[in-house]
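Chains as they are written, first to last, in numbering that gives the first Met the number 0: chain A, 0 to 357; chain B, 0 to 144; chain C, 0 to 120.
Among the clues, some could well be false.
What the hints assert, rightly or not - With a straight-line Cα cutoff of 25 Å, these simulated SDA-like cross-link-like pairs (lysine to any residue) come out: (1) 283(A) / 1(C); (2) 22(C) / 203(A); (3) 20(C) / 200(A).
These are calculated hints, taken from the structure and not from any lab test.
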Amino acid sequence: MAGTVLPFGPQHPVLPEPLHLNLTIEDEIVVAAMPAFGYVHRGLEKLADIRDFRQMIQVVERVCGICSMIHALTYCQGLEELLGVEPPRRARFLRVIWSELHRLHSHLLWLGLFADAMGFESLFMQLWKIRERIMDINEATAGNRVILSVNVIGGVRRDLDAGQTGWLLTELAEVEKGINALGRTILSDYTVQQRTRGKGVIGGRQALEFGCVGPMLRASGVSQDIRLLGYAAYGELDFAPVVEQDGDCHARCRVRFAELGQSIDLIRQALAKLPAGDLSVPVKGRPEGETVVRAEQPRGECLYYIKANGGRFLERLRIRTPTFANIPALTAMLPGLELADVPVVLLSIDPCISCTER
Amino acid sequence: MGFVARLIGKARRSSPWLLHFDCGSCNGCDIEILACLTPVYDLERFGVVNVGNPKHADILLVTGTVNQRNRQVLAVLFEQMAKPGVVVAIGACALSGGVFREAPNVLGGVDRVIPVDVYVPGCPARPEAIIDGVLLALEKFREKE
Amino acid sequence: MSIAADSISCVELCRAVAACKEKGCRFVTITCVGADSAGAELLYHFDRELALSHLRLTVSGDEVPSISGIYAAAFLVENEIQDQFGLVFTGLAPDYRRTLFLDGQESPPPFRRDRGPDQGE
Ligand code: SF4
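Let the hints inform the model, and build the full structure from the sequences given.
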């Protein structure tokens, strides 16, 4: 059985999304892995030609439903830079709060799917049950569960009132309790350790060379977090990147788990410091020039390149999403694994295919 | 109809299995479908079970826009489903292309490729709407049987 | 406003990118700003400890040397640009031959400004 090529996907039980891999296997061992794409491709960067720069907010939110708010945030920050406006302080703090709510729901979603990939269905259900509280917060504060649509160029559209703030804090305390109760299972359960320790190892140097971002990079011992740039209100909050050294699936799991606590902490800090003031500043004129903006999404660094020529439509909008940067590393992580470990390692990078293909 | 066929028909009617396929969605609708299957919304109380194999599935949930490449996958999945199958299109994308309608690699809604029985609007469709859609699909399924 | 980028030409590209790798930069991505029959403009983005640096490459024609030999991760984005803009990266491995997202040569590259004389907008 030398070099059988096994197609994995595009429709596969563990993948919620159609990623396709061509795995070359010898006996049970993967010797080469080559990703194939195109099942979710829409070409939405091209929509910048026919939607004006304000309407594009709705489109970039739908690059990926899981981190939609942060996509819109990055885009708006880029245009604010081009238009020379500064969002009010309150808006910047609110952006942090919604960003971290997104990170919470995304990491819980991932931990659940990861548990499911290992066949640990009850853990999956428990995690998603906790996640529903975050979705309720999203709905109560922004009006929609998934696509929040709170960002506009120059600020945000929604406000939190005092009653909501108190309720949000009690909900967060419940979420924290739930997460802590599951922590021991996620991190030290025998089966989970057997399935994840030493699987899909990638070292710090190699991860940097492959251009990995976000939790992938941090789980390999590289302390890099775009939030340290201090965009929105992150510059005024106190946090340090979560770093683990092992570079295997378990380390990636630990990083994301610890980031849950970090996000809750950041929301509390932001709520405590939330200044009074306006939600947005009026924006006049048309954007001109080019800029590169970055933000930290749940999956890592996201980069927008925006070029405008003073017209209603942008000349070029380019979106480099975190999964796009993390996928090349798969070609190095998968070879040498047993076939049964492929789904777990694949999910450990937190693949978001609709981001990758746009 | 023989006894065995009647028995199978009855079993399928009371517990149809569903398959979820993501065409070109932004994940917004997918995570809502998954949320429907978890404890808070719990679609499984109506007897449906989420399966990974199209050959076991009676109801196909489709999200997202159709493009050149995934249309073939979609057609094959529909072909492989147990007959008669019911197709539920979920989200604005699956109905018409939604926000991506004019994008270069988008053909339009799911009904360009396979016949759709139930349309669930929303961007993203709310879990309640999805549950509603699946219940309607169950009814249609019983009619078709 | 424009971003600060070192302008380079095709011959200098590989050396400049290799120098970035020497310095320990993380390869972020390549942006194809635009391409038409006159040529193309590409931006190479690198990150070093949260500081971005850019290289701006202007080519006349369709051929660009690939940097996938230096940064293996570049294969994905170079294939994407081949799909979208119809440029050709020489020495690209693995090469999907414009079938990464789309189905090959027959469709005109959707992001190119000029669609050829017969399909002009
Ligand atoms: S309908 Fe809206 S939320 Fe659903 S997949 Fe399409 S863009 Fe995403």
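Against the structure, the hints:
| no. | hint | verdict |
| --- | --- | --- |
| 1 | 283(A) / 1(C) | holds, 20 Å |
| 2 | 22(C) / 203(A) | holds, 15 Å |
| 3 | 20(C) / 200(A) | holds, 22 Å |
Comparing the model with each numbered hint stated earlier shows that all of them hold.
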